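Engineer: For reference, each letter of the sequence shown is one residue, going 1 to 224 in the numbering used here.
Because the hints were derived from the structure by calculation, they are not lab data.
Among the hints, a few may not be true.
[As the list claims (entries may be wrong)] Okay, the calculated beta carbon distance ranges per label pair:
#1 T1 <-> D97: 45 to 51 Å
#2 E181 <-> T45: 18 to 24 Å
#3 P22 <-> K60: 26 to 32 Å
#4 D168 <-> T29: 19 to 25 Å
#5 T9 <-> S204: 22 to 28 Å
#6 V192 <-> K60: 39 to 45 Å
For clarity, every value in this text was computed on a predicted model and none was experimentally measured.
Beta carbons are placed, not taken as given, at the ideal position from N, Cα and C, and that holds for glycine.
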Amino acid sequence: TWSKLENWTKRLKDPEHYLFAPAPGNGITMEDGTLVIPSQGRDETGHPFSNIMWSKDRGKTWTVSKPATDNTSESSVAELSDGSLMLNIRDNRNRADKSRTNGRAVKTTADLGRTWTTHPSDHKALPEPVCMASLISHITADGKRILLFSNPNHVFSRKRMMIQASLDDGKTWPEKLLLDERGGAYSSLVMVDDKTVGILYESSQADFGFQKIPLAEILSGSKQ
């Protein structure tokens with residue numbers, strides 16, 4: 001069964017803005033119980049931005065954060081080791097930038113989006129052809145936090161669908177597993193259990209593909 005649908009548009013969207021919508025990355029529950037959903041919008045001039053919305057009362061009320069950055073759209077959010085949030089963002093600047101500075105925009109916040117800080121990996125670590133990506137945070141049974149990220153790992157085309165792993169809150173992404181050399185686009189990561197990663201993604205045949213992959217295989221070394 002499902003609860004009754006509630007339309008929150010007028011409560012959350014600035015009436016002068018062109019758009020306010022989900023990111024469409026996964027929503028998360030922080031360790032303190034706060035619900036966080038990545039979101040995106042277009043301001044009164046039509047300029048795009050990325051932000052989050054959050055709830056401290058299990059979804060009864062929601063607060064919309066300030067934009068993390070502009071000229072961006074779809075994003076994914078994850079909690080880091082210090083309890084702050086990372087927003088990993090599709091950046092429209094990458095349409096023109098195919099140089100070494102091509103890469104996902106990455107911002108962090110320690111106050112639920114009242115203020116934002118640029119992460120060291122911003123436009124440095126995760127190449128993109130300008131496409132949606134997925135990011136999740138997982139704590140293993142022995143207490144290690146792992147960030148997992150999936151996207152088409154290519155600056156020009158939606159291909160080379162890849163999962164990458166970080167053990168240092170996204171500063172570096174040494175572990176890589178290539179899933180599809182020829183294609184790949186939108187994706188969604190999930191932990192099936194403590195030792196298994198699931199990924200639903202648009203494959204090279206323009207179909208949805210779902211794979212379950214042992215976490216140990218992703219962490220066992222670079223496979224590009």
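Engineer: Each hint needs a verdict: does it hold in this structure or not?
Structural biologist: To see whether the hints hold, each was checked on the structure:
Taking the beta carbon of each, T1 and D97 are about 48 Å apart, inside 45 to 51 Å as hinted. Evaluation of the 18 to 24 Å hint for E181 and T45 yields a failure: the beta carbon distance comes to about 40 Å. At about 18 Å, the beta-carbon gap between P22 and K60 misses the expected band of 26 to 32 Å. A hinted range of 19 to 25 Å holds for the C-beta pair D168 and T29, which are about 23 Å apart.
Checking the proposed 22 to 28 Å range against T9 and S204 shows it is violated: the Cβ atoms sit about 36 Å from each other. As the Cβ distance of V192 to K60 is approximately 30 Å, the hint placing it in 39 to 45 Å is violated.
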